[in-house]
Amino acid sequence: MTPLGILDQSPIPEGSSAGDALRNTLDLARMADLLGYTRFWLAEHHGAASLACASPEVMIGPVAAATSHLRVGSGGVMLPHYSPLKVAESFSMLEGLFPGRIDLGVGRAAGTSARISHSLQRDRRYSPPDDFTEQLDELAGLLEAPSSGFTLFASPTIWLLGSSEQSAIWAAERGLPYAFADFINPEGAAYALWYRENFISHRGSQPKVIVALSAICADTDEEAMRLSYSQRMSLLMLFRGRTIPIPPVSRAEEFLKSEGMPPELLPVGRRLITGSPEVVRKRIEGVTANYRADEVLIVTNTFDHGARRHSFELLARAFGLNAH
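Residue numbers (the numbering used here): 1 to 324.
If you are wondering where the hints come from, they were derived from the structure by calculation, not from laboratory data.
Check the hints yourself; a few may be wrong.
[Unchecked claim] Straight-line alpha carbon distances no greater than 30 Å define the calculated DSS-like cross-link-like pairs of lysine-lysine that follow: (1) 282 <-> 208; (2) 282 <-> 257; (3) 208 <-> 86.
[Stated by the list, open to error] Label-pair ranges, simulated between beta-carbon atoms: (4) 219 <-> 137: 46 to 56 Å; (5) 144 <-> 248: 32 to 42 Å; (6) 271 <-> 196: 18 to 28 Å; (7) 123 <-> 220: 28 to 38 Å; (8) 248 <-> 323: 45 to 55 Å; (9) 58 <-> 219: 29 to 39 Å; (10) 204 <-> 323: 30 to 40 Å; (11) 244 <-> 62: 24 to 34 Å; (12) 144 <-> 27: 32 to 42 Å.
Backbone N, C-alpha and C fix where the C-beta goes; we use that ideal spot for every residue, glycine too.
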């Protein structure tokens, strides 16, 4: 059975605070640890009214401390905003505290608007250079060669995150494990296969693929679809330049009805798997086979935190996870 993990975006339900959302993340991690999930990654988003986590490294420590079995990591750190040395130091500390349990997933995307991305830069006189590959190589070099003059405690596993062909090329060239965001681009299976076929091993590394999927599971297909309305509305508003807290199902349903398309087709160009446990399991297994993925990460954003917990409980049973 393909290992199952969670990519948590710390969704903020309407009427709740960011603090509530982060506490929900900790609650979900504790449950996932007991249910037998393998990984728990924290996303990075800035200036989003719907998502609370702007700093994965701040959340990784509390999540790892509250759990015992999960690998905990970033999904991911948006490297263009930061100094490779600072990222290496932060994650080296985390790996030192929780040896063998920390993943450093890095990505190129801004994770925010152009205005906020500019505000994250230290030197705002100029546009930041497009030097992601140089940053990535510097980061890997710092973690692989602690004798370079910098004091690092330990080296976490680096994953390259992506949703495009270019990210597959960079991961293959550098012999890095690769996590593809199917929930952003559902056309990534060919990129994942290209990555495997063109992988260049570094120090004995082997190709490894995680596919990250958006899914909501409920007791019935109808209930799962209803629950998905909140996420569908939130994404549509995001695409129109406005972020909102995750709306209640009833208000989202009214909004989607006004769009003139079946809700299951919205938003266009995104894959959101919904259904009862057996339906969701079969669809996840189908996508996993297309990607030839070694692991799956699930993104689940609902208005009700209890519904999100129940979704992951149902998935754990459907996939036969080994509870602790």
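Going down the list of hints, with the structure as the test:
1. 282 <-> 208: Since the Cα atoms of residue 282 and residue 208 sit roughly 22 Å apart, the hinted pair holds (cutoff 30 Å).
2. 282 <-> 257: holds, 28 Å
3. 208 <-> 86: Holds, at roughly 26 Å.
4. 219 <-> 137: 46 to 56 Å: Holds: the Cβ-Cβ distance is about 48 Å, inside 46 to 56 Å.
5. 144 <-> 248: 32 to 42 Å: 48 Å Cβ-Cβ, so the 32 to 42 Å window is violated.
6. 271 <-> 196: 18 to 28 Å: holds, 21 Å
7. 123 <-> 220: 28 to 38 Å: violated, 54 Å
8. 248 <-> 323: 45 to 55 Å: Given range 45 to 55 Å: violated, Cβ gap about 32 Å.
9. 58 <-> 219: 29 to 39 Å: holds, 35 Å
10. 204 <-> 323: 30 to 40 Å: holds, 33 Å
11. 244 <-> 62: 24 to 34 Å: With a Cβ separation near 27 Å, residue 244 and residue 62 satisfy 24 to 34 Å, so the hint holds.
12. 144 <-> 27: 32 to 42 Å: The hint (32 to 42 Å, Cβ to Cβ) holds, given that residue 144 and residue 27 are roughly 36 Å apart.
Checked against the numbered hints above, the structure violates hints 5, 7 and 8; every other hint is satisfied.
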